[in-house]
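Trainee: Take the given structure of chain A and dock chain B to it, following the hints.
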Amino acid sequence: EADIYQTPRYLVIGTGKKITLECSQTMGHDKMYWYQQDPGMELHLIHYSYGVNSTEKGDLSSESTVSRIRTEHFPLTLESARPSHTSQYLCASSEYTGYGYTFGSGTRLTVV
Amino acid sequence: EDQVTQSPEALRLQEGESSSLNCSYTVSGLRGLFWYRQDPGKGPEFLFTLYSAGEEKEKERLKATLTKKESFLHITAPKPEDSATYLCAVPDSWGKLQFGAGTQVVVTP
Chain A
-12 EADIYQTPRY LVIGTGKKIT LECSQTMGHD KMYWYQQDPG MELHLIHYSY
38 GVNSTEKGDL SSESTVSRIR TEHFPLTLES ARPSHTSQYL CASSEYTGYG
88 YTFGSGTRLT VV
Chain B
332 EDQVTQSPEA LRLQEGESSS LNCSYTVSGL RGLFWYRQDP GKGPEFLFTL
382 YSAGEEKEKE RLKATLTKKE SFLHITAPKP EDSATYLCAV PDSWGKLQFG
432 AGTQVVVTP
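First to last, the sequence lines map onto chains A and B. Numbering-wise, my numbering puts 71 at position 84 of the first sequence, and it's gapless, one number per residue. Numbering-wise, my numbering puts 370 at position 39 of the second sequence, and it's gapless, one number per residue.
If we strip away everything but chain B, and leave its shape as in the complex, we get:
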């Protein structure tokens, strides 16, 4: 069964304190891995798509990487505005995205 697991569930960082979020997945034939950011009370906002092991994508202080079994979202020198829940998702065998439970990140000044 396709499964997406994110860790940690929550992460509290000081401004400037870099860290990484993990997304591990079990799917039969990876057809892409997606990262989203969700602010409270809003819909998820697309960040990155990764398709093959070794691929990396960057956007401002965020960098996503992909291996054959997991993906990492690295947050470098975070700012309070990076506080959000970060979700990863993979397509199942029918093409529907399976979302992880998310990692809630809080960055304090």
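Just chain A, with the same shape it has in the complex:
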């Protein structure tokens, strides 16, 4: 049973819309991460957080933003969706830095 949940699982949305992808975990992990992955391609880290009120940009530049107001919740927001944002977005968490990650099932976003 998954301990990290992402919603929605699939999303098709029009250009210019504001969207928020939800990620919640029940493990009490301080470290949380957002990855972007195109089909058949590598995982790219776009945001991470080491605790409440701590957020950092990842290795891949992204127009999205994140917030971490509660330990268990790490939502990702796109203020104005574009077709170039079409991708799979994966959320992960870990207990300590350097430990393995637990991943959610992902949100497949399509912007038309």
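Since the hints were derived computationally from the structure, they do not count as laboratory data. Hints should not be assumed to be uniformly reliable.
Below, computed lysine to aspartate or glutamate pairings styled on EDC-like, alpha-carbon distance capped at 20 angstroms [unchecked claim]: (1) B:Lys373 with A:Glu43; (2) B:Lys394 with B:Glu348; (3) B:Lys390 with B:Asp423; (4) B:Lys410 with B:Glu389; (5) B:Lys373 with A:Asp25; (6) B:Lys373 with B:Asp413; (7) A:Lys44 with B:Asp333; (8) B:Lys410 with B:Asp370; (9) A:Lys44 with B:Asp423; (10) B:Lys373 with A:Asp17; (11) B:Lys399 with B:Glu412; (12) B:Lys373 with A:Glu29; (13) B:Lys410 with B:Glu348.
Mentor: Then chain B, alone, in the frame of chain A:
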């Protein structure tokens, strides 16, 4: 710069045909190496963690080994359900996992 390279990019096997995947890494001070399995459209699923050269871990038909410069994931007598992309990752100096590009394995009956 920390780097993780996986080979081959893709591997097509007949059911029962054993093979190995390679993960080579360059990091300053290895703090663990992680193997994941990813099915299409899903998040990666944790398989193994290896911490020191010579260490081995096994799970069903999979066995992971670690040397000072690389790790191997051996698939023994694979079945079609072993078809997936296999990812390896190492922590960088900040503790964030650096993932390789993965090896896509297809096992045909």
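Trainee: Now, for every hint given, state plainly whether the structure supports it.
Mentor: Tested hints:
Between Lys373 of chain B and Glu43 of chain A the alpha-carbon distance is near 25 angstroms, which puts this suggested pair outside the 20 angstroms criterion. A hinted pair counts as satisfied when its Cα atoms are at most 20 angstroms apart, and Lys394 of chain B with Glu348 of chain B qualifies at roughly 15 angstroms. At roughly 26 angstroms between alpha-carbon atoms, Lys390 of chain B and Asp423 of chain B are farther apart than 20 angstroms, so this suggested pair is violated. Restraint check for Lys410 of chain B and Glu389 of chain B: the C-alpha separation of about 16 angstroms stays at or below 20 angstroms, so the hint holds.
With a CA separation close to 12 angstroms, the supplied pair Lys373 of chain B and Asp25 of chain A stays within the 20 angstroms bound. Proximity of Lys373 of chain B to Asp413 of chain B is assessed by CA-CA distance (about 15 angstroms); at most 20 angstroms being required, the pair is judged to hold. Under the criterion of a C-alpha separation no larger than 20 angstroms, the hint pairing Lys44 of chain A with Asp333 of chain B is consistent with the structure, at around 18 angstroms. Distance check on the hinted pair: Lys410 of chain B and Asp370 of chain B sit about 15 angstroms apart at the alpha-carbon level, within 20 angstroms; holds.
About 15 angstroms separates the Cα atoms of Lys44 of chain A and Asp423 of chain B, which keeps this hinted pair within 20 angstroms; it holds. Taking the CA atoms of Lys373 of chain B and Asp17 of chain A, the gap is near 23 angstroms; set against the 20 angstroms cutoff, the hint is violated. Taken as a hint, the Lys399 of chain B and Glu412 of chain B pair is broken in the structure, with Cα atoms around 31 angstroms apart against an allowance of 20 angstroms. For the suggested pair Lys373 of chain B and Glu29 of chain A, the alpha carbons sit about 13 angstroms apart, so the restraint of at most 20 angstroms is met.
Between the alpha carbons of Lys410 of chain B and Glu348 of chain B the distance comes to roughly 9 angstroms, so the proposed pair stays at or under 20 angstroms and holds.
Going down the numbered hints, you'll see the structure goes against 1, 3, 10 and 11, while the others check out.
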